[in-house]
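Protein chains: 6
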Amino acid sequence: MATLGLIEYKDASPEVRAVYDDILATRKTDYINNFWKSLANDPVTLRRTWEDIKQIMAAGALDALTKELIYVAVSVTNQCGYCIASRTASARNKGMTDDMFLELMAVAGMANETNRLSAGYQIQIDERYKV
Amino acid sequence: MATLGLIEYKDASPEVRAVYDDILATRKTDYINNFWKSLANDPVTLRRTWEDIKQIMAAGALDALTKELIYVAVSVTNQCGYCIASRTASARNKGMTDDMFLELMAVAGMANETNRLSAGYQIQIDERYKV
Amino acid sequence: MATLGLIEYKDASPEVRAVYDDILATRKTDYINNFWKSLANDPVTLRRTWEDIKQIMAAGALDALTKELIYVAVSVTNQCGYCIASRTASARNKGMTDDMFLELMAVAGMANETNRLSAGYQIQIDERYKV
Amino acid sequence: MATLGLIEYKDASPEVRAVYDDILATRKTDYINNFWKSLANDPVTLRRTWEDIKQIMAAGALDALTKELIYVAVSVTNQCGYCIASRTASARNKGMTDDMFLELMAVAGMANETNRLSAGYQIQIDERYKV
Amino acid sequence: MATLGLIEYKDASPEVRAVYDDILATRKTDYINNFWKSLANDPVTLRRTWEDIKQIMAAGALDALTKELIYVAVSVTNQCGYCIASRTASARNKGMTDDMFLELMAVAGMANETNRLSAGYQIQIDERYKV
Amino acid sequence: MATLGLIEYKDASPEVRAVYDDILATRKTDYINNFWKSLANDPVTLRRTWEDIKQIMAAGALDALTKELIYVAVSVTNQCGYCIASRTASARNKGMTDDMFLELMAVAGMANETNRLSAGYQIQIDERYKV
Chain A
9 MATLGLIEYK DASPEVRAVY DDILATRKTD YINNFWKSLA NDPVTLRRTW
59 EDIKQIMAAG ALDALTKELI YVAVSVTNQC GYCIASRTAS ARNKGMTDDM
109 FLELMAVAGM ANETNRLSAG YQIQIDERYK V
Chain B
9 MATLGLIEYK DASPEVRAVY DDILATRKTD YINNFWKSLA NDPVTLRRTW
59 EDIKQIMAAG ALDALTKELI YVAVSVTNQC GYCIASRTAS ARNKGMTDDM
109 FLELMAVAGM ANETNRLSAG YQIQIDERYK V
Chain C
9 MATLGLIEYK DASPEVRAVY DDILATRKTD YINNFWKSLA NDPVTLRRTW
59 EDIKQIMAAG ALDALTKELI YVAVSVTNQC GYCIASRTAS ARNKGMTDDM
109 FLELMAVAGM ANETNRLSAG YQIQIDERYK V
Chain D
9 MATLGLIEYK DASPEVRAVY DDILATRKTD YINNFWKSLA NDPVTLRRTW
59 EDIKQIMAAG ALDALTKELI YVAVSVTNQC GYCIASRTAS ARNKGMTDDM
109 FLELMAVAGM ANETNRLSAG YQIQIDERYK V
Chain E
9 MATLGLIEYK DASPEVRAVY DDILATRKTD YINNFWKSLA NDPVTLRRTW
59 EDIKQIMAAG ALDALTKELI YVAVSVTNQC GYCIASRTAS ARNKGMTDDM
109 FLELMAVAGM ANETNRLSAG YQIQIDERYK V
Chain F
9 MATLGLIEYK DASPEVRAVY DDILATRKTD YINNFWKSLA NDPVTLRRTW
59 EDIKQIMAAG ALDALTKELI YVAVSVTNQC GYCIASRTAS ARNKGMTDDM
109 FLELMAVAGM ANETNRLSAG YQIQIDERYK V
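For the protein sequence lines, the chains are A, B, C, D, E and F, in the order given.
Residue numbers for the first sequence follow our numbering, so the first one is 9 and each next one is one higher.
Residue numbers for the second sequence follow our numbering, so the first one is 9 and each next one is one higher.
Residue numbers for the third sequence follow our numbering, so the first one is 9 and each next one is one higher.
Residue numbers for the fourth sequence follow our numbering, so the first one is 9 and each next one is one higher.
Residue numbers for the fifth sequence follow our numbering, so the first one is 9 and each next one is one higher.
Residue numbers for the sixth sequence follow our numbering, so the first one is 9 and each next one is one higher.
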């Protein structure tokens, strides 16, 4: 199921279980997905990644749904099958409607196209855009 | 300045000028950037790309700023220098604050990281995420 | 099983079989994997790719295991499912422990994250790093 | 000018000079570009890469110009600035007209867009396309 | 079968069916593939994408087969499984022979390799290639 | 110099300065590079990223130099100009010789090539490699 297998809750060390508990509480769910069960083979990475994601994905200047949409757009650009599946589910969970999904795909597709037109035409940056 | 040069407004054919005029009117600006001046070497691609972008980037189920943020996230993932410069300017223009920019970067960076963890650990898609 | 099928040892031409024999001898294995069986549809590419890999992956200034780790990191970055599966097996074969794998993933993930932060913040290269 | 500098013809070892001479003769030019001058820091990689490229890029079932176009499309997809500049020049040299360039860009851009739509919509492969 | 499911011809709205009919007529086939059936969830994107592809992929300065080869090369570079499967079938349909396929792979592979050598060696663009 | 500018040590808040001090002490250097000066616009991301990198890049099951090599290989694959420049310098600092660099490039280039051959030939994963 994954290179080093999946660590189920019942088999987890107290250290891992503490992270699982925080995931369950923060996300108000009773399900730990395969991403976390895989990372649990490395408790330090598990904790670090979870703490980072919890902080980064929380509503701030950008709301939580907008962040999920950005996450999906990146995953789509990178062709990450697992991430597209799990983050699309997550985005829906946070309120992404079908219409939002369709527009998200359209923008991500278009950006990927114009990224290549810009590079291929060797377009230099306009003076006014320089930092 | 670009593989086939830039077509300035004063040198543009009526066909190209019509697109330029629509860009200026739609964006309420007096500036045509290098992207369009490059594409203008191919009036068919210029018109098609502009019509597509105008339709895709207009507010719909997602507001215009959210779409700009997604555009920047994709451009950052693809390492497109021109696109990052021009779309960051565009996003600011639509209301992206410094705090929004910083959170956008954090999410895009994190998604790029977990995309690789997911692939590298060879994590299979959870049954509940399958479509 | 692959676009042009897999060429098994018993069905291989003498030209292909010579490469297979060298793979088996060099790798001290009795197994030819699907990558080579696919390339065998093009004996010139098969030989060229094998000769290149044999030369490049042999211990030199970098030991063979370090090279395998680098190979996995690239494959993970590119989201190449076949390559991740086969090169992870290959790296284990050369001595990669679970702990090494976990650290490899952490570094590859982090590099992918900071690559985007660097691009997204449009950070210019420090004078001292310029070549 | 490059991480390990550029090796000019007059400073090259006989081993490197032999490759340079073959490049000059094969390409019917009197110019060695920075790519080869950089690789020359590693004569083994220089020779291997040149022999590979000479074999791969020669006219075969695909003509030499078509191969150049493919090379540019890949370079554009990867956002490789050096490669886009040098291979676009090379493609022009082999007969790429402005119109061909423009169509090449349009196809490369479109493919990059639909690659993401396909991944993002999680489209499963049609039975008839399976290998 | 896809995030929002597949829209079959019999269930399609007149708007979607009109696009399907044009695809069938233009491609002289009786098969609508999963890509279009997925996009059909968004009739505007379906029409736009089809009109774009029809225009871009039609023979012009580049013949239709060359365009298919470029499409495959981009899809291979991006690791898009669906696109590789469907566009390889499409290229064969337009006349790609096994030998052409093998050379296409060799060129795409080589370009991906040298793209990284160019970036990794930090090679600056030759004066004569600058635009 | 960067989207939100660079925060110099003398202008840094105590919070940022604390991170800078830890970077200087950990790396035994008197130089803060542009990456950190850019991130300093977001003290939370600065601290998180630095803590993560410090933990991940420290010698463990893999030595510090091997980790630097992996970092460079990923940056080269992603075509991140800033990262290639800064991490190549960093790897040299940790002991990467010219010969190691040349082999690193050869492996990264080859992996990028075979990643595409594997995807392009649609090679299915060998039973023995499945997890």
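Honestly, I wouldn't trust all of these hints.
Claimed, not checked - If you want a taste of the chain A side facing chain C, the calculated C-beta under 8 Å gives, among others:
{"hint": "1", "residue": "Thr34"}
{"hint": "2", "residue": "Thr37"}
{"hint": "3", "residue": "Asp50"}
{"hint": "4", "residue": "Ile61"}
{"hint": "5", "residue": "Gln63"}
{"hint": "6", "residue": "Gln87"}
{"hint": "7", "residue": "Gln132"}
{"hint": "8", "residue": "Val139"}
Said to hold, decoys possible - To be clear about the criterion: a stretch of chain D counts as covered by chain E if any three or more of its residues have a C-beta under 8 Å from a C-beta of chain E, and this derived list gives those stretches:
{"hint": "9", "region": "16 to 23"}
{"hint": "10", "region": "27 to 33"}
{"hint": "11", "region": "61 to 70"}
{"hint": "12", "region": "86 to 99"}
{"hint": "13", "region": "112 to 119"}
FYI, nobody ran anything at the bench for these hints, they're computed from the structure.
Using N, Cα and C, we set each Cβ at its ideal position, and we do this for glycine too.
Hints and how they fare:
1. Thr34: 21 Å, violated
2. Thr37: 24 Å, violated
3. Asp50: Constraint on aspartate 50 of chain A satisfied, holds at 4 Å.
4. Ile61: 12 Å, violated
5. Gln63: Not OK, violated: glutamine 63 of chain A not within 8 Å of chain C, min 14 Å.
6. Gln87: 5 Å, holds
7. Gln132: 14 Å, violated
8. Val139: The hint holds - valine 139 of chain A has a Cβ within 8 Å of chain C, the shortest such distance being about 5 Å.
9. 16 to 23: violated (count 0)
10. 27 to 33: violated (count 0)
11. 61 to 70: holds (count 6)
12. 86 to 99: holds (count 10)
13. 112 to 119: Coverage by chain E holds here, the residue count being 6 at a Cβ distance below 8 Å.
The earlier numbered hints that this structure contradicts are 1, 2, 4, 5, 7, 9 and 10.
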